[in-house]
Structures are given as C-alpha cells and as structure tokens.
Amino acid sequence: MKAVCWMGKHKVEVMDVPDPQIINDRDAIIKITGTAICGSDLHLYNGYIPSMMQGDILGHEFMGEVVETGKGVGNLKKGDRVVVPFTIACGKCFFCEREMYSVCDNSNPNAGGQETLYGFSGSGLFGFSHLMGGFAGGQAEYARVPFADVGPIKVPDSIPDEKVLFLSDIFPTGFMAANNCNIQEGDTVAIWGAGPVGQFAAKSAFMLGAERVVMIDHYQDRLDFAKANNENVETINFDDVDVYDKLKDITGGRGPDSCIDAVGLESHGTSVDALLDYAKAAVYLATDRPHALRQAIFCVRKGGTVSIPGAYGGFMDKFPIGAAFNKGLTFKMGQTHMQAYMPRLLTAIEEGKIDPSFVISHRLKLSEAPVAYDNFNTEKNQWRKVVLTPH
Amino acid sequence: MQHNENSITQFLTHINQNVSPAERVVSAVSGSGLIAYGLKQGGLFGAALSLLGGGLLYRGATGHCHVYDAAGITTADDRPSPSSRVHVKKSVTINKSPAELYQFWRNFENLPQFMTHLESVKTTGEKTSRWVAKAPLGASVEWDAEITSERENERIGWKSIEGSEIPNSGVVEFLPTSNRGTEVRVVLTYEPPAGYFGSLVARLFGEEPNQQVAEDLRRFKRLMESGTIMKTEGQPSGRSAKAKSAKA
Ligand SMILES: NC(=O)c1ccc[n+]([C@@H]2O[C@H](COP(=O)([O-])OP(=O)(O)OC[C@H]3O[C@@H](n4cnc5c(N)ncnc54)[C@H](O)[C@@H]3O)[C@@H](O)[C@H]2O)c1
Ligand SMILES: [Zn+2]
Ligand SMILES: [Zn+2]
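Chains as they are written, first to last, in our numbering: chain R, 1 to 391; chain H, 1 to 248.
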C-alpha cells in the first residue's frame, strides 16, 4: 500500500510499504477513505518530537471502511464505515472505565519510556513517535486499528466523509477544551490560536452556552475565517494590539472567565540526560510559543479556568505560578479523551447543529502529501486544514 | 544484548583477562545456576537473572569481567566475602478481582504468557512444577520449583527445591482494595553466587531484576485487563525491506 512516511526534519515521502496485518486479537484493518494533516503533525515535521524513526507512517486523523477484524472484535464487521479516534484505549482499565481514555494504562507498548519521563504513561497514539507507542499512522491506504472494539465509531452511510472525519481528533479536542472551561451563563471565553483546534473550540464554546468568544492569533485570514463562521466571535491580532489591555477593555476590566491555549508547544526528551538537554532547549524555545500560555494565565480573571488543548511535552520555562496561585486558577489539560465525546458530537452532526467540514481549506490526493505538509507549515493564512484521499 | 557470532568471537580474542582461573570455573557454574535459579523463582525476573547469569557465564568462559573493570577491581587472589541476599519488590494494581488473578497465576502453565523469558512451565504434581526458560546464547535451562505456602485467592509462596545451587524464595500476594482493583505484590529473594564477586555482581546489577519484574507485571496486568498484550511488531513502515519510494 501507499503510506506517508516521516523521513526526517521537513521530509515526508509517499512510499510503497507492506499492507498492515492483524497483530492482536482486538485489532481491525481499515481501508482508509479520508485522512487529514493536523497541527500536531507539523511538530513532527519540524523535528521537535524525539523518538521518531525514519520510515514511521504518519497520521492520526482518519476514517474508512472495515475490511478485516480480529477475533476479539465483536462489534464491527466487514463493510462498516468508521471514524477512528487518535487515542488508542483498552476500555477496561481504571482510566478507561472513568472515560479518561487518553491516559489508558494498557495501550502504549513503550509505556516504560514515558514512565521515565513523566512518572506514568499515557495511552498509545497513532503515528506520533515511539514514546507514544510507535503505532503506524493513518495517512495511508490501510491502517491497523488496535482495540478496535473500543475506538472506532460507526457512522451512517448518509453522511459524507468530510462531515465526520474530524471526529477523529480536532472536533472532540476543541469540544473538550471548551467543556473543560465549565462555561456558565454570561461567560466570556478567550482562545489563543485560530488554527483548526481553536476554530472548533470557538464553535464548541458557543454550543456550550458562552456569551462571548474572543480569538487571538496573528494570521489575519484565520481570524477573519473565524468571524465568517461564527456570528458573534471577536478577534484580536496580537501583532497589532496588546492582548491583555484589549481583553481587559472589552470585558469591562474583569478579564475572560476562561482562557483556552490552542497553540501548544511540543518538545520532549526520553531519558534523564535528554531531559537536561530538553530543559536547556526549552529556555530558548520559551521566547515564542509558551508565551501564549503565560499570557492566558495572566489575562484570565480571578478564580477562572485555563484550559490547555495545545500540546506540551517537556518543561516550561518561567511558569507564572505566582499569578496562577494568587488568582486561584483552575487548570485543565491533556490529550483528548476521544471516546468520551465522539458519540454526542456525532449526534450533533446528524442533527445538523454543526458541519465540521467548514474548516477544510484544501483537498488533495495522498500522493500529494509532501506538498501539503510544506504549505500547511508555511502558508498558514491560506492553508488551514488539509484532507487527503488515498484511493 | 544481541551480538552476532562474528563480533563476539572477535571481541573474545581481543579482551584481556582479569579474572582468576579458579574464579572462572565458579563463574561458569554460578552463571548457569543463576539462570536456573531465576527461572525457579517462577521466572518472573528470569530476564534479569539470565542477564546476570549470562554475564557470569561469559566471564567464566572468557576470564573477563566488565563489572570488575567498572569497579576497578581485580581478584587475582581469591578473597572470601559474605554472600548477600538480593530482594526484588514490585507491585501493580490490576482492575480485576483477587480471585481472577490468583486463579490465572496459580496455573503456572499460564506464566510464560507474560514472563517473556520462560519457554514453558509444566505442572508435575500438586505443588511441584518443571520450568524451561530461555537462557542467553540460544541455550535453555530447566529446573523444578515447589510451592511452600498458599492461601486461595490471596497468596502463593514458593522456594527452590532442596539442594538447589542458589537458594531462593518468593511470594506473590493479591490484595483487594475498596474500588481500585487488586494490588499484586511480588517479593523475590535470592542469594547470588557465594563470594566477594557474587555480592558485587548482585549490587551492580541490582536494578535490572527490578525492571524485569516491573515489565513482567505490566504484561500480566495488560493480559488480565485487556485480554491481550498490545504490540507493534509486524506493522508496516518505510523501514520494511520491501518498502520503496512510491515515485519509482
Ligand atoms: N490535546 C489534544 O489532544 C490535541 C489534539 C490535536 C491538536 N493538539 C494541539 O493543538 C495545537 C493546535 O493545533 P492546530 O491543528 O490548530 O495547529 P495550527 O498550527 O494549525 O494552529 C496553531 C495556531 O496558533 C497560532 N499561534 C501561535 N502563537 C500564538 C500566540 N502567541 N498567540 C496566539 N496564537 C498563536 C498560530 O498562528 C496558528 O494559527 C497544537 O499544539 C496541536 O499539537 C492537541
Ligand atoms: Zn491531531
Ligand atoms: Zn484502558
């Protein structure tokens, strides 16, 4: 089959590789009909994630048709149309039973590595480095889906791929980000990052009853796009105005009730000595991206919530603990507990409350992945979200 | 720990010898004993002990000890020294009842499913069993184990049979919690080969058995909770021998 392989920094290649096979009883094989490139993939593309190996198959946002099931998969059959969540979860452990799927105990074959780094290991993820399990991803013609009786959600034939594909990651991710804000009547939610995750966080915040949503970015086209898709959204271009002053001003001096960091920063280390290197690197990197998180902590009102869907991997330099402590803030974060949100969001799509395909800017063939990565990485104004079709 | 024949042979001819001839014999004997011993323990830390035992075998065969190198020690003259016990203590919480876990473990023939260094375990009597384990360099090792104490659904204790080269004992307990599943606690004790070098080896390699037991317990948990031990071996990648650029 054809698959998009990570070959090094700024290098992806479409390769002919062997077809996936059932490895564990609870696996299924999916023939992929649609797959997308995520902002998270760019962190791999830009070489920020350690424990990637040349030849790793990328992609964690995909859907398709079941072509084979292992003998432990009772709920799926050949021909079923499914969307696959990017978090791999067993459904049986303490965490899965409590709907904390992204910290499943049993799905990361390299859990020992994450324990060294984090104390305990999160779940396995598709196409996202060996520290996250080393699972082959879904930017390919076929994929092996582990724990297929827990992850994939069946979708009716009547809904086109584009409307349901983002149930695989960014719609639930934006939704969980907003849900973590515990939105109350009259709330203002400020969102840093007007990428796909930020766009879905904005939609979700409105769905969950926010009175006002403010989006912050410096790509004017992305901010304008948010405006075009949400009647009441307000925007701040941080190249033009001071974010704190502006937020304070438009909220009558109170500050937003909750702040969402949909920007993120990913950089890791896998061993104790790599952690030290990592810490040094973070000091340098901290001049740019963690800036959004610090700013969110500074801007949020007293007793407010900071919700972090943007991905982090290692250490943060100059974490403003004083502001967080003295304002009595609540922090919520993490990889999305996908399986907990997919059913209700599918219902919202079926009921016509939202059409997630609004976010797509480009539709290309799988074979055009190298061009897509390059443009999505650099031409952020025009290249918002890319969907690839493999067949 | 994987070397090809060639590089090992080359390596062996180039190293100098820092272990006395008498000790080489002891090393070789203890090495195989240690492997056997670890496996008697139920094989739970067979991997670690195999490493340790394998190291001794290697040392016995070559007259070179890297541990001595690392510690800056040479044993040109045999010095006596007390043997020291090694304890390995690990626990894991499993989202199953004590009874389910006990029943699975008590049937020792199940153990190779999560103790990767075991080849097989055969029940030979009500309390006895025969174990076959993978030893380094493609060899395999066999020994007998016997259960010394057990309380149904609570604990299993075992000991190496009388006359074993390296005395050892172990116990696994299955402790219920209010609503967090079952705490599985394993304690293993063994006496490394007698003599100064034995305790030195035990100390320097002390972490290894811990890690092996931890991974064995993780596999046990996964098998019990999710019914499978999730793997990635065998999945496609651009590293596959058959992979090639799609442009061609
Ligand atoms: N938690 C999860 O499970 C999960 C899932 C998917 C994605 N993510 C993460 O979410 C983040 C966003 O994903 P995406 O696909 O939208 O990525 P993206 O790269 O398309 O969007 C990020 C946006 O943030 C903006 N930005 C950068 N610095 C900023 C700043 N200081 N203030 C405000 N905006 C700033 C960028 O201009 C860009 O528009 C990434 O870190 C990604 O890894 C997390
Ligand atoms: Zn993603
Ligand atoms: Zn789980």
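Hints were generated in silico from the structure; no laboratory data involved. Possibly wrong hints are sitting among the right ones.
Subject to a maximum C-alpha distance of 30 Å in a straight line, what follows is the list of computed DSBU-like cross-link-like pairs (lysine-lysine) [unchecked claim]: (1) H:Lys247 - R:Lys9; (2) H:Lys231 - R:Lys78; (3) H:Lys231 - R:Lys31; (4) R:Lys246 - R:Lys380; (5) R:Lys92 - R:Lys227; (6) R:Lys11 - H:Lys89; (7) H:Lys159 - R:Lys2; (8) H:Lys242 - R:Lys71; (9) H:Lys244 - R:Lys9; (10) H:Lys96 - R:Lys71; (11) R:Lys31 - H:Lys244; (12) H:Lys242 - R:Lys78; (13) R:Lys2 - R:Lys380; (14) R:Lys302 - R:Lys365; (15) H:Lys231 - R:Lys92; (16) H:Lys247 - R:Lys365; (17) R:Lys92 - H:Lys96; (18) R:Lys365 - H:Lys89; (19) R:Lys380 - H:Lys247; (20) R:Lys9 - H:Lys231; (21) H:Lys159 - H:Lys122; (22) R:Lys365 - R:Lys332; (23) R:Lys77 - H:Lys122; (24) R:Lys77 - H:Lys159; (25) H:Lys231 - R:Lys71; (26) R:Lys365 - H:Lys244; (27) H:Lys247 - R:Lys31; (28) R:Lys11 - H:Lys244; (29) R:Lys2 - H:Lys247; (30) H:Lys242 - R:Lys31; (31) R:Lys71 - H:Lys122; (32) R:Lys11 - H:Lys247; (33) H:Lys242 - R:Lys11; (34) H:Lys242 - R:Lys9; (35) H:Lys89 - R:Lys154; (36) H:Lys89 - R:Lys92; (37) H:Lys244 - R:Lys2; (38) H:Lys242 - R:Lys2; (39) R:Lys78 - R:Lys154; (40) R:Lys246 - R:Lys327.
Taking the hints in turn, this is what the structure says about them:
no.: 1; hint: H:Lys247 - R:Lys9; in the structure: 20 Å, holds
no.: 2; hint: H:Lys231 - R:Lys78; in the structure: 23 Å, holds
no.: 3; hint: H:Lys231 - R:Lys31; in the structure: 21 Å, holds
no.: 4; hint: R:Lys246 - R:Lys380; in the structure: 24 Å, holds
no.: 5; hint: R:Lys92 - R:Lys227; in the structure: 42 Å, violated
no.: 6; hint: R:Lys11 - H:Lys89; in the structure: 46 Å, violated
no.: 7; hint: H:Lys159 - R:Lys2; in the structure: 55 Å, violated
no.: 8; hint: H:Lys242 - R:Lys71; in the structure: 28 Å, holds
no.: 9; hint: H:Lys244 - R:Lys9; in the structure: 19 Å, holds
no.: 10; hint: H:Lys96 - R:Lys71; in the structure: 22 Å, holds
no.: 11; hint: R:Lys31 - H:Lys244; in the structure: 21 Å, holds
no.: 12; hint: H:Lys242 - R:Lys78; in the structure: 27 Å, holds
no.: 13; hint: R:Lys2 - R:Lys380; in the structure: 27 Å, holds
no.: 14; hint: R:Lys302 - R:Lys365; in the structure: 48 Å, violated
no.: 15; hint: H:Lys231 - R:Lys92; in the structure: 17 Å, holds
no.: 16; hint: H:Lys247 - R:Lys365; in the structure: 14 Å, holds
no.: 17; hint: R:Lys92 - H:Lys96; in the structure: 10 Å, holds
no.: 18; hint: R:Lys365 - H:Lys89; in the structure: 54 Å, violated
no.: 19; hint: R:Lys380 - H:Lys247; in the structure: 27 Å, holds
no.: 20; hint: R:Lys9 - H:Lys231; in the structure: 27 Å, holds
no.: 21; hint: H:Lys159 - H:Lys122; in the structure: 16 Å, holds
no.: 22; hint: R:Lys365 - R:Lys332; in the structure: 37 Å, violated
no.: 23; hint: R:Lys77 - H:Lys122; in the structure: 39 Å, violated
no.: 24; hint: R:Lys77 - H:Lys159; in the structure: 49 Å, violated
no.: 25; hint: H:Lys231 - R:Lys71; in the structure: 16 Å, holds
no.: 26; hint: R:Lys365 - H:Lys244; in the structure: 19 Å, holds
no.: 27; hint: H:Lys247 - R:Lys31; in the structure: 22 Å, holds
no.: 28; hint: R:Lys11 - H:Lys244; in the structure: 15 Å, holds
no.: 29; hint: R:Lys2 - H:Lys247; in the structure: 10 Å, holds
no.: 30; hint: H:Lys242 - R:Lys31; in the structure: 20 Å, holds
no.: 31; hint: R:Lys71 - H:Lys122; in the structure: 28 Å, holds
no.: 32; hint: R:Lys11 - H:Lys247; in the structure: 15 Å, holds
no.: 33; hint: H:Lys242 - R:Lys11; in the structure: 20 Å, holds
no.: 34; hint: H:Lys242 - R:Lys9; in the structure: 23 Å, holds
no.: 35; hint: H:Lys89 - R:Lys154; in the structure: 45 Å, violated
no.: 36; hint: H:Lys89 - R:Lys92; in the structure: 26 Å, holds
no.: 37; hint: H:Lys244 - R:Lys2; in the structure: 10 Å, holds
no.: 38; hint: H:Lys242 - R:Lys2; in the structure: 12 Å, holds
no.: 39; hint: R:Lys78 - R:Lys154; in the structure: 12 Å, holds
no.: 40; hint: R:Lys246 - R:Lys327; in the structure: 20 Å, holds
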